[in-house]
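Protein chains in written order, with UniProt numbering: chain H, 1 to 82; chain B, 1 to 687.
By construction, these hints were calculated from the structure, which means they are not laboratory data. Hints should not be assumed to be uniformly reliable.
[Claimed, not checked] Partner residues aside, some chain B positions facing chain H, computed with beta carbon under 7 angstroms:
no.	residue
1	Ser109
2	Asn144
3	Lys502
4	Tyr595
Quick reminder that beta carbons are idealized off the backbone N, C-alpha and C, glycines included.
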Amino acid sequence: MDTSSPLTVEHCPLDADMTITAIDIDERHRFRMLELGLRVGTIIRVIQKSNFGGRVIAKGTERIAIDGHTAARVAVTPAEGV
Amino acid sequence: MTSHHQGHRRGIAALLPSPHAHDDDTHAGHTHAGKPCCDTGGRRVAGDGMPRIVFIGNPNVGKSSLFNAILGAKTRVMNAPGTTVLLEEGVYDHGGEDWDLIDTPGTYSLLPLSPDEEVAAKAVMGTGGQGAPDAVVAVVDATNISRALYFLATVLELGRPTIVALTMNDLAAKQGAGIDAGELSQALDGVPVVEVNGRTGAGRQALMDAVAAHLGGTPMPHGLAPVDPAHIDVQAWVEGGADARFDWAADVLSCLDMHARDRVTVSDRIDRVLLNPVLGIVVFLLLMLGMFEATTTLAGPAQDWIDGSVRDWLTTGIDWVFALFGPSALDTWFHSLVIDGVIDGVITIGTFIPPMGIMFILLSLLEDSGYLARAAFVMDRAMRCMGLDGRAFLPIVIGFGCNLPALAATRTLPDSRQRVLVGMLVPFSSCTARLSVYLVLAYAFFRDQAGLVVFLMYVCSIVLILLVGVLLKQVRFRDVRSEPFAMSLPPYQVPRLVTLVKSVLMRLWGFVHGASSIIISMLVVMWFLQAIPATAAAGSFAHVDDVHDSVYGVVADRVAPVFAPAGFNDWHASAALMTGFVAKEVVVASMAQSYSIDTGDEDEQQQGEGSLGAAMRASFDESSGGHGRAAAVAFMLFTLAYTPCLATVAELRRQYSMKIAMQSVGLGLIVAYILAVVAFQTLRWVL
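Please take these sequences and the hints and turn them into a complete structure.
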């Protein structure tokens, strides 16, 4: 993994609390992600890796599946104090 | 008359939708399109006096199950005006007062990303020619409460009387996040909240009572500002207020006594297998194989029983009734019409009930269990090349068994454009009915390589689906493109038997109801064409000895020259293809009949290698100038690509519209003709 690149949902460890720091997709779909509850500052956990980089994200009791392309564009950082 | 139905199995079916299904005019009458609402004593009701209640919510929250539990068999499916987006509607009797209930496609937002979401948004906003709802039932999923509250906030801001139907609360409770409906209502400043269970129907009466009690209006919770959807920039309103709505949702959540624990659930454990990068695909493919087998192998004996025993019983019964009028009644044209036209139609519909019933059961199981959303995720990448949802894989695979249940399976696609695109691709899936044609011709013309030839026809089918898919995407579905995949996964649930049986019976009734009229009328037309003598020596009405001497034979003669560039300018072939338009199962029987060959109980190999094969070789060699094998390949390719059967045409019309059904027929004929001509003109140099 390129350590100079920001950590993304695609590469972050499983079952670790992470905070979303950026969502680098087009405006229309970024807003949809927001409506799904995935906003900058939201704490999430990646709980399942699927094929072609797809990931399942847990946000509380909610489960959201995203494809590999999108997972690579959601930047995260380890959540502090959780 | 010798009818074509002999040897016919599981095939001839043609269907017209019910008089109201997909009828935009009818729909308009029920949704009060363009009609102003009026004030009836403080209650807004639509133009025809029926309050219009719109159900809205996120996808996979049990909204449709709840809707069906409330309405039961009174539910009917229709297209939203001017679209192929499906809406469910029904009239509900509440204490003697009729309400117009409308179920909308699931959506995460009132800012739509697809036509389906647009229809849902317009229905709840009362824009786009749709009347304003007199009340909104907002279905809120307790297991995804923060997102559901965000969406609820946008719905509440519309200012319509809104009643919250709280679903999945039992699952939320298992996760330690159960919600008290009264507490939530209090947190919403008195907006009524009713806990319901769409799978069991529990709470539905209380919900409808709450709707009745609040048709006059519901409170606007503090922190939300009402808007007039007819006079706002929807995008600016939805986007501009998003943060405030999330803050509002957080405030509401803080008022609730919830003990949500972020822990590993049973669904998470199941997903470790079903969404595993490797196992997930293996399980999905095994499920597809199971569904394929169920709709073909498992349904086969039941279809044979209906086509054999039930047909015999009906025929015997009708013969008995006719015999009451004397022995000569059995030899009348009317007796022939009833047996070879009407009863053939009834049996044809009957033979499609087993595979359709099995498909409806399996679809309900997949939907109700929560797996279908996972299937979309697992196959997302594979179908992305055509801009399709992962769920599109299902109908295409099923199509290789039978195209009819495959078209039914397109209903699982949430995007109406994708639904139509896949619906137009399904007929290119080589169903088992076409296999009988391949086998006979392969053994007749390529005895030693028959297996290879049949295999290559299936390869051609897959290539055709891909090529036509890419072509349609470029020409007709340019707006269908790969979208980022982001979907909420519902928790797994064990499907309820009673709900499943009800749902399957309702769907089956919809199919039979839509099927019966056109199938019978088309077969009656076919009967008349074959019953009318066209030559002096042909015999009398309904007693034409040779089908070539009937009007049907004359039409086949006229059509045959069209196929000269494909190498089979022969009336036997064109008559078989015309009959094959009704059902592919009858192509071989039609050929045998036109050559006056009794194939008896011979299987396809014996037919191909026997006298039928010899007659076909002679005909095709003659019509192709000595390139019979090239013409045979062209004939098989034409059979592969043109309309599978009238049943699929009618189902396309029932599911989408007559225009799309006709486009599909035209596309199939054009592709089939080009394919056959190119194949013959190329292969005649080597075969």
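Do the hints match the structure? See the list:
1. Taken as an interface hint, B/Ser109 checks out: its beta carbon lies about 5 angstroms from the nearest beta carbon of chain H, inside 7 angstroms.
2. A least Cβ separation of about 5 angstroms between B/Asn144 and chain H falls short of the 7 angstroms threshold, and the interface hint therefore holds.
3. With a cut of 7 angstroms, the hint placing B/Lys502 at the interface with chain H is violated, because the nearest CB-to-CB distance is about 29 angstroms.
4. Using the Cβ-Cβ criterion of 7 angstroms, the hint placing B/Tyr595 at the interface with chain H is not satisfied: the shortest such distance is roughly 52 angstroms.
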